[in-house]
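Engineer: Quick note, the sequences are listed as chains A, B and C, same order.
The numbers in my numbering rise by one with no breaks, and the one at position 154 of the first sequence is 214.
The numbers in my numbering rise by one with no breaks, and the one at position 357 of the second sequence is 797.
The numbers in my numbering rise by one with no breaks, and the one at position 102 of the third sequence is 135.
Treat the hints with caution; some may be incorrect.
Stated by the list, open to error - Which chain B residues face chain A? A few, computed with CB under 8 Å, are given here:
(1) I517
(2) E556
(3) L558
To be verified - Simulated restraints, written as ranges between beta carbons of each label pair:
(4) B:S630 x A:G70: 45 to 51 Å
(5) C:Q95 x B:T776: 16 to 22 Å
(6) A:A111 x B:T538: 55 to 61 Å
(7) B:G887 x A:A347: 43 to 49 Å
(8) C:V75 x A:F230: 49 to 55 Å
(9) A:T81 x B:G887: 42 to 48 Å
(10) A:A347 x B:E951: 51 to 57 Å
(11) C:Q95 x B:E801: 34 to 40 Å
Unchecked claim - PhoX-like cross-link-like pairs, simulated, lysine-lysine; straight-line CA separation at most 25 Å:
(12) B:K740 x B:K794
(13) A:K112 x B:K901
(14) B:K462 x B:K965
(15) C:K65 x B:K756
(16) B:K590 x B:K650
(17) B:K590 x A:K117
(18) B:K732 x B:K711
(19) B:K522 x B:K462
(20) B:K590 x A:K97
(21) B:K603 x B:K627
(22) B:K835 x A:K112
(23) B:K622 x C:K122
(24) B:K603 x B:K854
(25) B:K859 x A:K97
(26) B:K578 x B:K885
(27) A:K97 x B:K885
(28) A:K97 x B:K462
(29) C:K65 x A:K186
(30) A:K112 x B:K590
(31) B:K533 x B:K603
(32) C:K65 x B:K711
(33) A:K117 x B:K578
Source of the hints: derived by calculation from the structure; they are not laboratory data.
Every residue gets a Cβ at the ideal spot worked out from N, C-alpha and C, and that includes glycine.
What follows is each chain in one-letter form.
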Amino acid sequence: MLKYILKRIGGGVVTLFIVITLSFFMMRLAPGGPFSKDRAYPPEILRNIEAKYHLDKPLLVQYGIYLERVIFHFDLGPSTRYADRSVNELIASGFEYSARIGLGALIFSVFVGLCAGLIAALNHNKFLDYFPMSISMIGVSMPDFVLANILMLVFALQLGWLPVAGIDSFSGYILPSATLGLIFASSIARLTRGGMLEILGQDFVRTARAKGLSQRTILWRHTLKGGLVPVVSYLGPAIASMMTGSLIVEKVFNIPGLGRFFVDSATNRDYTLAMGSVIVFAVLIIALNIFVDCVYGLLDPRVTYD
Amino acid sequence: MNMLFSLTFALLSALPPAQTSKDEFVFNNRGEPESIDPHFATGVPDNSVIAQIFQGLMARKADWATLVPGDAESYKISKDLKTYTFKIRKGLKWSDGTPLTAKDYEYSWLRVLRPETLSNYSYWLTDNVVGALAYQEKPTPENAAKVGIKAIDNETFVVTLNKPVPYFLHLTAETILAPVKKEVVEKWGSQWTRPENIVSNGPYKLSSWKVQDRIVMDKNPLFHDAANVKLQRVVALPIEDRQTGVNMYQQGKLDWSGHNGAPNSLVPAFKANPDFRIFPGFISYYYLFNTKRPPLDNPKVREAMVLTIDRDELVKQVTRGGEIGYGALVPPHTGTYGGAQGLPSKDFKADVAKAKKLLAEAGFPEGKGFRTLNLLYNTDENHKKVALALSQMWKKNLGITVAPFNQEWKVYLKSQNAKDFDLSRQGWQGDYPDPATFLELFQSKSGNNHTGWASAEYDKKFQETNNMPAGKARDAKLKEVEELLLKDAPIAPIFIYTNFGFLRPEVVGFEENSIDRPYVRYFSKK
Amino acid sequence: MTNKGNAAQTFTSEDSRVAARDQRSLWHDAFKRLVKNRAAVVGFIFVVSMVIAAIVGPNISQFSYEEQDYSRVNNPPFVMDIQKFSQEKFVDLIPEDFVKIGGVYFNQRHFLGTDDLGRDLLVRILYGARISLAVGFLAAIVSLFIGVFFGALAGYVGGFVDAQITRLIDTLYALPYMFFVILLMAVAGRSFYLLFIAIGAVSWLTTARIVRGQVISLKNSEFIEAARASGTGHAGILFYHLIPNTIGPIIVFFSLLIPRVMLEEAFLSYLGLGVQAPMSSWGSLVADAQNNVTLYPWMVIFPGLALTLTLFSLNFFGDGLRDALDPKLKGKQ
């Protein structure tokens, strides 16, 4: 097992390296730079700014400088958009909020998704199948900016139960977590339903039923673990997405999270912040995938590691 | 439908009690400042913050247009209008308690000139101050001594100009020429603006700045006029989404919804709300013609297109933000300037008959043979509507096809700089209340002139206005300059933005000023 | 392998095609199961109707999707009281446009009302259907082609090639997708074709994984061995035997990919990176009208409904397909 993990980590490092390289060069390809402004800088000033951020050096040299800084000093560099902040601290502060919302979203989506999926699987093709699946379908049938606005309009503005935006208090976390969670809940529900249906149709379940075991015992002891396998493998990248925030949720509910950085840094051509965000996301996904694959083995005894 | 009717009604009826405290001012800054280094920052959210924590030689009243003494308690101007002698107040202190003197101003203004400061506005000094350009090109101590910026003693600061710039005092009130403390800047480098390092001289000081969350400024007890600063605290929130800003205002979390802090389409509905205010702004909205690309190189074609624009209908039906349809570049009521007329159409109204005639004279009767033009705009809902509306006007009335296309901000800037467009949208905000801040854009040497239009006569006449003292003669000359621009039509002026937003009735002292900047030192709460 | 070689010799390539034909009767079973799933059937009918409306609608309407009418800006589909509405909502209504039926004034000129430039909303929604469905379908096809190519290649060839392709897929998974679409659109410009190519290019990863999984599990089954033994070359095996047998999960995935892709296009429109004006997709209709939702909600509700119902239908249909092709499939996402 240990050898497997080490091998995967090794592969992960290679992947990370490729990701960094790809993103670095792709960002540079996009037209416009971090310092193009509507009030054009006089040429000498522009030259100075670019020199300060090493943008005047040849591309490969910049790449080398960047790699050296990241690998040996874990320093993601100064942000080009926020002149006195380092990318490390921007990401750290953003991640704090995104992670909290992500945790809330995770709890919400797993709870709602699992329940919906289980109920649906156990009542295949009846009303209790269609109904929870329809509700959870909302997450994948409605654009997230529509969903966020509807939830906000109904629960915050109209009913006044929850704050409209901002996360000063605990109640401020509810709507953003729920919005984000609902989107993932639908996939979890469908995967649970699919996985459970497959397991429930298998011979050993029929045997158990024939033996006279109660529905509940069948459910908990025999089928749940196997049925959850597809959910677990989905959760890996899903958690990474939840933790790194969603642009829409953060915009509508005004949360100082990481999600905005992804889109804004690409739009603003803030090279260092963009690279930092990409690295965080990649590290999370790679780590979570390795974790998920290990958990796989715990759930499904048929899986072996080589 | 009922839910939405009652929602609208809720927008127009009484607000819940404010959730902000009585001695703070919480507002939506509409974005995150990039920097609060006064010599470097250029954005609107940046300046809203800098205006609270820094002060220059002159200061502004809450109406922005009126100058009052700032750090300089008085000034003398020489007869030839080229030498300004400022008397700095005695006993001025930085927020860390150390004395602030004329020597700080000398250091600061030289810093603006130095290339490593990366100041986009250094041209305010290099164009106007003796020896400034030479120093910027070669910042040696010898050249520094030759610059017309001198602290004679701790209380006397002398500036020597190379021409009698009529609006120079206005420049000294702007944040670009605010003082910064030498020891702090040199010790901390680019980190000097962090809350734990920064030292400033304004009515408030920076207490904390959490990126994308909030900026908190507390009253500076060492400010020379601290006795008259009523509110203890200013909080700036960077909410970009306008609807979210309105929602937060409705829930009582904001005292001011911020500059244009409401969606345009809801402005007609909000107008009925007593908290909502709307008044003319200082941003001009126009389309650039690429005069190097035929058929736009023919002034008759450009004139025809300008005369087709029905500004009234555009503003009333399309943009709805209460904008002022205007056919000239410089907004009305800029200082003492009376405005220009330009193209011979009364009150900037559309004159389709004349436009058709001009187009035919240019060789394209009914638009025949006219190639499809593209129209560049940066991604934004409102710009899209204007572009579509104007394209339809041109199609219907002149028979020519204009195809709008949008690019995101950075790509748009690049295309504009590269003159890679037929028409392009541009908006420009003035920096100080004088027409020069707009007219200087279209000099042939201006790096911000993307039209390819160059007129020696325009350049000459404009420079003359910079050499005259303010007054009726200069205003008349400015009118001539602007009319040169409008007659040749390298741009199609469309409208002047208004400023609008919600302001809680308890807030007193926030006068309507054309750039909608809050000078919180004058505010109080009932 | 020599033992099996004897048995394999009795199979001819004719026989392997018979085996494939037999599989087709399983399609009949699947079809029967599908028809029993009411939600899937309703979904299918809805989507087909929408496609027909999209093709025919804009041609028979008297309005074009880009024609602006400033005298009829922000007109509602129906009102209770014309005067009151005009006053409260700052809209100039023309009474002749409305016909009173049962106490409510219905807009007989613009059935779904107009938008903020006076364009007919119904035509724009139908035109938007063309764009949204086209982008969805085309992007899904692009995604499919790339995914099937890489997945089949990786699964069939195995070994080093498989390892590299899997490594590639894992790497691409680790990239924040939105970030790259934004950059891609910035680098390559804004054309309609680029839009669905960009979306398709970042969505093929899961398709590839599924195809690869299927190919691997089928690679060593008997009928493939038979085909190989009877002399069918690699290409033949791939195209005649393997890929047709992965059609099941591919179709299911395809029908679930389309809604996902359409949502991604909606997000791009929200960012202003979708189709160029005056073209509009459902996503851009909703995104543009967001700020009007409190005063003029029909501009958001109707395109939103069209989008959501279509996506619902596609999702239900896809789910139904998957259930119907079960137990042949493993039902993995």
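Engineer: Which numbered hints does this structure break?
Structural biologist: 1, 4, 5, 6, 8, 9, 13, 15, 16, 17, 18, 19, 20, 21, 22, 23, 24, 28, 30, 31, 32
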